[in-house]
Amino acid sequence: DAGITQSPRYKITETGRQVTLMCHQTWSHSYMFWYRQDLGHGLRLIYYSAAADITDKGEVPDGYVVSRSKTENFPLTLESATRSQTSVYFCASSESEVLSGNTIYFGEGSWLTVV
Amino acid sequence: ILNVEQSPQSLHVQEGDSTNFTCSFPSSNFYALHWYRWETAKSPEALFVMTLNGDEKKKGRISATLNTKEGYSYLYIKGSQPEDSATYLCALGGSEKLVFGKGTKLTVNP
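Chains W and U supply the protein sequences, listed in that same order.
Sequential numbering of the first sequence, starting at 1, is according to my numbering.
Sequential numbering of the second sequence, starting at 1001, is according to my numbering.
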């Protein structure tokens, strides 16, 4: 049971470069999420997707682009990386709407450093 | 934007102590309250999901209660062990997504 996997796990990139973080889940969950975790801020939602070809902004979407052409994949792209995007990024998925009490399952995180 | 507050921000206890922390949230339009346990370099792990006022959930030495009318949830750890050291996150389920608090970092000293 592979679950939810993220790649790369660790990445160092330069300011201005484009970076894509990959997320793949094997459960056929409808919902997928991208969060970033920063000291003093907890987990903040960047983007989420309710199904293939449906995406929506979260709390901190600026500077990020997502797509969901297939149910199992939800890549996150930093179009022009900035130092403020240095963070730990968590991908997550949920079978259905969280308001119904469905659990969100997290990947192991991608540590991104922008220099 | 929903505001989820957790207190204390950090906590140091001795092995064997029992402890508890608080999650506060707006009591209007409540859907679900989630608790997660997160160790650095690992995935946040789901502990409990609670949806009804008065809910009590238990998992081993860890338990949680929910009061939706006054907008708070307590997480209790009985007889803390060093392996309980982690950050405990609560999250409010609203519409299609979870809004997380900043977490309580627990350190259990042997």
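Derived from the structure by calculation, the hints contain no laboratory data.
Note that the coordinates shown come from a computational prediction; the quantities given were computed from them, not determined experimentally.
Glycine included, every Cβ here is placed at the ideal spot set by N, Cα and C.
Be careful, since some hints might not be right.
Stated by the list, open to error - Footprint (simulated), chain W over chain U, 3 or more residues, beta carbon under 8 Å:
{"#": "1", "region": "1046-1060"}
{"#": "2", "region": "1097-1106"}
Said to hold, decoys possible - Short derived list, chain U residues pointing at chain W, Cβ under 8 Å:
{"#": "3", "residue": "1032"}
{"#": "4", "residue": "1042"}
{"#": "5", "residue": "1085"}
{"#": "6", "residue": "1089"}
{"#": "7", "residue": "1093"}
How the hints compare with the structure:
1. 1046-1060: As far as the region 1046-1060 of chain U goes, the hint holds, because 4 residues have Cβ atoms under 8 Å from chain W.
2. 1097-1106: holds (count 7)
3. 1032: holds (4 Å)
4. 1042: holds (7 Å)
5. 1085: For residue 1085 of chain U, the interface hint is violated, since the closest Cβ of chain W sits about 18 Å away, which is over 8 Å.
6. 1089: At 7 Å from the nearest chain W Cβ, residue 1089 of chain U passes the 8 Å test, so the hint holds.
7. 1093: For residue 1093 of chain U, the interface hint holds, since the closest Cβ of chain W sits about 4 Å away, which is under 8 Å.
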